[in-house]
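Here's the letter readout for the chains.
Number of protein chains: 2
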Amino acid sequence: MKEQQKLLKKIYSLDKELVLYDHITSLLHWDQETYMPSAGVDERSEQIGLLSRVMHEKMTDPGIGSILSDLGASDDAPNGDEQLKDADRALVREYYREYSRQSKLPSSWVQEFSETTSKAQSVWSKAKQQRDFSEFEPYLKHIVKLNRDKAQLLGYEQHPYDPLLDEFEPGMTTSEVERVFQVMKEDLVRIVEKIGDADEIDDSFLYREYQESAQESFGKMVLSDMGFDFSRGRLDVSAHPFTTGIGRDDTRITTRYSEPSVADALFSTIHEGGHALYELGAAAGGLGKTSLGTGVSLAVHESQSRMWENMIGRSSEFWSWYYPLFQRQFPEQTEGVEFYQFLRAVNKVQPSCIRVNADEVTYGLHIILRFELEKLLITGDLDVSDLPEAWNRSMKDLVGTVPEHDGEGVLQDVHWSAGMIGYFPTYALGNLFAAQFFAAMKHDLPDIEQQISQGEFKAVLGWLHEHIHQHGAVYQAPDLLQRVTGSSLEPRYFTEYLQGKYKELTGL
Amino acid sequence: MKEQQKLLKKIYSLDKELVLYDHITSLLHWDQETYMPSAGVDERSEQIGLLSRVMHEKMTDPGIGSILSDLGASDDAPNGDEQLKDADRALVREYYREYSRQSKLPSSWVQEFSETTSKAQSVWSKAKQQRDFSEFEPYLKHIVKLNRDKAQLLGYEQHPYDPLLDEFEPGMTTSEVERVFQVMKEDLVRIVEKIGDADEIDDSFLYREYQESAQESFGKMVLSDMGFDFSRGRLDVSAHPFTTGIGRDDTRITTRYSEPSVADALFSTIHEGGHALYELGAAAGGLGKTSLGTGVSLAVHESQSRMWENMIGRSSEFWSWYYPLFQRQFPEQTEGVEFYQFLRAVNKVQPSCIRVNADEVTYGLHIILRFELEKLLITGDLDVSDLPEAWNRSMKDLVGTVPEHDGEGVLQDVHWSAGMIGYFPTYALGNLFAAQFFAAMKHDLPDIEQQISQGEFKAVLGWLHEHIHQHGAVYQAPDLLQRVTGSSLEPRYFTEYLQGKYKELTGL
Chain A
35 MKEQQKLLKK IYSLDKELVL YDHITSLLHW DQETYMPSAG VDERSEQIGL
85 LSRVMHEKMT DPGIGSILSD LGASDDAPNG DEQLKDADRA LVREYYREYS
135 RQSKLPSSWV QEFSETTSKA QSVWSKAKQQ RDFSEFEPYL KHIVKLNRDK
185 AQLLGYEQHP YDPLLDEFEP GMTTSEVERV FQVMKEDLVR IVEKIGDADE
235 IDDSFLYREY QESAQESFGK MVLSDMGFDF SRGRLDVSAH PFTTGIGRDD
285 TRITTRYSEP SVADALFSTI HEGGHALYEL GAAAGGLGKT SLGTGVSLAV
335 HESQSRMWEN MIGRSSEFWS WYYPLFQRQF PEQTEGVEFY QFLRAVNKVQ
385 PSCIRVNADE VTYGLHIILR FELEKLLITG DLDVSDLPEA WNRSMKDLVG
435 TVPEHDGEGV LQDVHWSAGM IGYFPTYALG NLFAAQFFAA MKHDLPDIEQ
485 QISQGEFKAV LGWLHEHIHQ HGAVYQAPDL LQRVTGSSLE PRYFTEYLQG
535 KYKELTGL
Chain B
35 MKEQQKLLKK IYSLDKELVL YDHITSLLHW DQETYMPSAG VDERSEQIGL
85 LSRVMHEKMT DPGIGSILSD LGASDDAPNG DEQLKDADRA LVREYYREYS
135 RQSKLPSSWV QEFSETTSKA QSVWSKAKQQ RDFSEFEPYL KHIVKLNRDK
185 AQLLGYEQHP YDPLLDEFEP GMTTSEVERV FQVMKEDLVR IVEKIGDADE
235 IDDSFLYREY QESAQESFGK MVLSDMGFDF SRGRLDVSAH PFTTGIGRDD
285 TRITTRYSEP SVADALFSTI HEGGHALYEL GAAAGGLGKT SLGTGVSLAV
335 HESQSRMWEN MIGRSSEFWS WYYPLFQRQF PEQTEGVEFY QFLRAVNKVQ
385 PSCIRVNADE VTYGLHIILR FELEKLLITG DLDVSDLPEA WNRSMKDLVG
435 TVPEHDGEGV LQDVHWSAGM IGYFPTYALG NLFAAQFFAA MKHDLPDIEQ
485 QISQGEFKAV LGWLHEHIHQ HGAVYQAPDL LQRVTGSSLE PRYFTEYLQG
535 KYKELTGL
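The listed protein sequences correspond, in order, to chains A and B. Just so we're aligned, residue 35 is where the first sequence starts under this note's numbering, counting upward by one. Just so we're aligned, residue 35 is where the second sequence starts under this note's numbering, counting upward by one.
You may find that some hints are simply not true.
Copies of the same chain look alike in the list, so a pair counts if it fits in one copy or across any two.
[Stated by the list, open to error] Straight-line distance between alpha carbons at most 20 angstroms, and here's what the computed SDA-like set of lysine to any residue pairs gives:
id: 1; residue 1: 219; residue 2: 99
id: 2; residue 1: 50; residue 2: 76
id: 3; residue 1: 50; residue 2: 87
id: 4; residue 1: 138; residue 2: 270
id: 5; residue 1: 50; residue 2: 91
id: 6; residue 1: 44; residue 2: 156
id: 7; residue 1: 537; residue 2: 350
id: 8; residue 1: 50; residue 2: 431
id: 9; residue 1: 535; residue 2: 39
id: 10; residue 1: 323; residue 2: 71
id: 11; residue 1: 50; residue 2: 75
id: 12; residue 1: 43; residue 2: 101
id: 13; residue 1: 254; residue 2: 71
id: 14; residue 1: 430; residue 2: 182
id: 15; residue 1: 40; residue 2: 230
id: 16; residue 1: 138; residue 2: 386
id: 17; residue 1: 43; residue 2: 93
id: 18; residue 1: 228; residue 2: 490
These aren't lab readings, by the way, just hints derived from the structure by calculation.
Next up, chain A with everything else stripped away, as it sits in the complex (with noise of 0.2 angstroms):
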């Protein structure tokens, strides 16, 4: 056990020493995105290349190897001996997790990948500004193939597309995936064409203009309520809105007032600090001098971000407190606007070609195309050649939408111009996540819309601390979601909140 606690302290500290290059590393992209004069990039990118060079070199010393498996960690037991505690294991799997993938993945293999993904994304920024797939095809064609031959280097027992998956979502499988998207699927075509028959909602009041200081005075108000420490973090302005750790005590997030109606910055800005409320809550406790002190995954981070900007921020007990505010606080832009026309404006549901676009009950769909086009290219049942027209099929038949050329079509997203092919599941995930925790707050906490009502945010903020941001990253996602609500993974309750919420705004 001596013997035990003197590895386990190894581990320990050179994760304190990863911790702090992470979080030094985090500000420097921050600094890049929000402050950093133009000429700086250039100097910028060997800055961050130098700190993940040598992150990498730590990661993959060999030493680290060994010790892991001293712990007892092996592909049959990611963890480490059972005698471990909790939190101990966790850090020896993360840590034989990321050193066993660095392993198996040669660096030739690494270096091909870091080259043609690094030239991919600049190819597909103009592809994409040029609506021209024809460019971006062979590149895509290539990070295509690194992902099939990824997928047999690290190895998989069912599918292909679980090591990519995994990745991105650790513990989730593939035909967990199938299971409940398919649920999601047959649920959400049937919402959308209930909602089509709806009357035209009137939403041209957010798109009039609103001041930026007053958005940006309205926006720290909800964050405030809703328990983000401004000692903690901050809140500034960036292309696109991000969250990011730069600090156990210094989370912060950004957001945009650059876009025409005035609840993307509002509703962009809830929903990173969602991401940042479980950062910081994760980071509180003693687990936020190590690498477990953040969010455990993709998923159960966007169900956090989720959660606070739809299922809390979109809510009429939401607004019934922060509408009168509104109004105050811009009464010339809402002059005219009653209660229940902002209620349904800011919960709109409009099909379109564009995902980030898309509305809660559309979203869904958006990543089901995806998930179904990644797994056909990576068992080779689709080509890259035929991936526009098959794209454009999807969308229509699931969406009911067809781009007008490729540039709003299949090239919209960066993902897997930055080779990231298994990423998109976990936007999905992370709904039907939020749906199943907020059930499971409801229950617990029977009178928490009466307190959302008030403005009133404590309860909410405690419970997720209590259930799922004090554990950090722990419990893995599936692991969590049992723990927390004693079940596995289960659609209806996504279904059954987008159900309610159009019933009472709709009367459908």
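Got chain A; can you put chain B on it based on the hints?
Just chain B now, with coordinates in the frame of chain A:
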């Protein structure tokens, strides 16, 4: 020769990494002073500590020592082989200097110094607030002892103050400073006496309320006119103004709008702008990827900031262009203030106990006082317990004022608590360098005052770039001065500059 190129390549490769680490550390500091949320401070210290440790380890790697010695560097030939190019020799010089310094200071001394000054700074801060020297006295005693030990460890030929001074102003000696300060002291005392007879100047309009955003836009206009490129830098707000290099194309300055006089923010903006133009110029060419692409010394750096702030920024030519613009920006605040009243107000000479509030004339006397006391402390001719009395006596003799308490006397500066003895002279040397450079520039560009009076600084910046900035840290300060002006340091240029200015302003 081939072998030499190989060795040089190794030094350049280490240097490239160290430059990146140094710039990353600068970003960590900059962020801490500008945007970091307050609770981030604990981990930020750890982040900075980690990178400092990494840089220190790389610098003191014994491998470096043997490369430097293979390149011919020794205490007798610190620049290495004479056949190397100037820049290569300078790099060898800088690394040999740092390497031999670090190998002469045993780690026990380094640790004691670091622990003592770390505690001393918080003790000093409290003592200053409570105006009680006795609290700080034992710490200062310890710091003086550590500095006396340091002088012995580093070694010297003439004066134990030499190696302390040399750390902050490489190439400068105690006897050289004594020589120029002796002349400067007599000249300044005479000028102060003369000006003392002049009328009281009404500068109360500087203390009216000036909107911060209007001050900022005025300051940014002046910076742009000076040639500060906002695609390679920024202006932000911090408690104490500073300049920092975050990348070869990213130098940032700060100012503060919290001081009661509008002049404070504006002149500190111009001052830091002068530092920044030096940094940006040094980093712009081939040197920018090396540690030589930066200012060569504190005194030369201060010569740039003071020249822009005082010799240009407080001149009648400068304000003949900018005062109408200032009046347009601040019509109410400047109502009834004629040009000469404004000019005399921003050049007001008023002996004060506080160095940082001192005008151009009395500033040098504050420095002479510190230089003389520091020497006595280091030779052992003055005991720390007698320091407050010696301070007050000198202050009366030199500046003509007596502090009301130690908080505005011997405790006013942070430097000693941080262990820095030998730093103060660089401030006054900066003024002397500035005046000597400025005289050379005026000689080369006879119409420069005419240009300044048109708000036109291209020729100024061009001259500074050609003669000073582009050389970065290649030539040490005394060498640079000789190359640019053809002579060693001559205090008379500064005296003549002051006499000329105050003759114009007061008709003396």
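These are the hints, each one checked on the structure:
1. Taking the closest pair of Cα atoms, residue 219 and residue 99 never come within 20 angstroms of each other, the shortest separation being 43 angstroms inside a single copy and 67 angstroms across copies.
2. Taking the closest pair of Cα atoms, residue 50 and residue 76 come within 20 angstroms of each other only across two copies (14 angstroms); inside a single copy the shortest separation is 29 angstroms, beyond that limit.
3. When the C-alpha separation of residue 50 and residue 87 is checked against a cutoff of 20 angstroms, the pair qualifies both within a copy, at 17 angstroms, and between copies, at 14 angstroms.
4. Taking the shortest Cα distances, residue 138 and residue 270 never come within 20 angstroms of each other, neither inside one copy (40 angstroms) nor across copies (47 angstroms).
5. Within a single copy, residue 50 and residue 91 get their C-alpha atoms as close as 15 angstroms, and across copies as close as 18 angstroms, so both meet the 20 angstroms cut-off.
6. With identical chains, the CA atoms of residue 44 and residue 156 are never at most 20 angstroms apart, being 41 angstroms at best within one copy and 34 angstroms at best between copies.
7. For the identical chains of this complex, residue 537 and residue 350 are intra-copy neighbours only, at 12 angstroms inside a copy versus 75 angstroms across copies, given an alpha-carbon limit of 20 angstroms.
8. In this assembly of identical chains, the alpha carbons of residue 50 and residue 431 never lie at most 20 angstroms apart, being 50 angstroms within a copy and 55 angstroms across copies at closest.
9. In the homo-oligomer, the alpha carbons of residue 535 and residue 39 never lie at most 20 angstroms apart, since the shortest distance is 52 angstroms inside one protomer and 73 angstroms across protomers.
10. With identical chains, the CA atoms of residue 323 and residue 71 are at most 20 angstroms apart between copies only, with a shortest distance of 18 angstroms across copies and 32 angstroms within one.
11. Only between protomers do residue 50 and residue 75 lie at most 20 angstroms apart by alpha-carbon distance; the minimum there is 17 angstroms, versus 28 angstroms within a single protomer.
12. Taking the shortest Cα distances, residue 43 and residue 101 sit within 20 angstroms of each other inside one copy (10 angstroms), while across copies they are farther apart (36 angstroms).
13. For the homomeric pair residue 254 and residue 71, the shortest alpha-carbon distance between copies (15 angstroms) is at most 20 angstroms, but the shortest distance inside one copy (26 angstroms) is not.
14. Proximity of residue 430 to residue 182 under the C-alpha cut-off of 20 angstroms is found in neither arrangement, the shortest distances being 28 angstroms within a copy and 82 angstroms between copies.
15. For a Cα distance limit of 20 angstroms, the shortest separation of residue 40 from residue 230 qualifies neither inside one copy, at 63 angstroms, nor across copies, at 73 angstroms.
16. Within a single copy, residue 138 and residue 386 get their C-alpha atoms no closer than 41 angstroms, and across copies no closer than 70 angstroms, so neither meets the 20 angstroms cut-off.
17. Taking the closest pair of Cα atoms, residue 43 and residue 93 come within 20 angstroms of each other only inside a single copy of the chain (16 angstroms); across copies the shortest separation is 28 angstroms, beyond that limit.
18. In this homomeric assembly, residue 228 and residue 490 never come within 20 angstroms of each other (Cα to Cα): the closest approach is 33 angstroms inside a single copy and 69 angstroms across copies.
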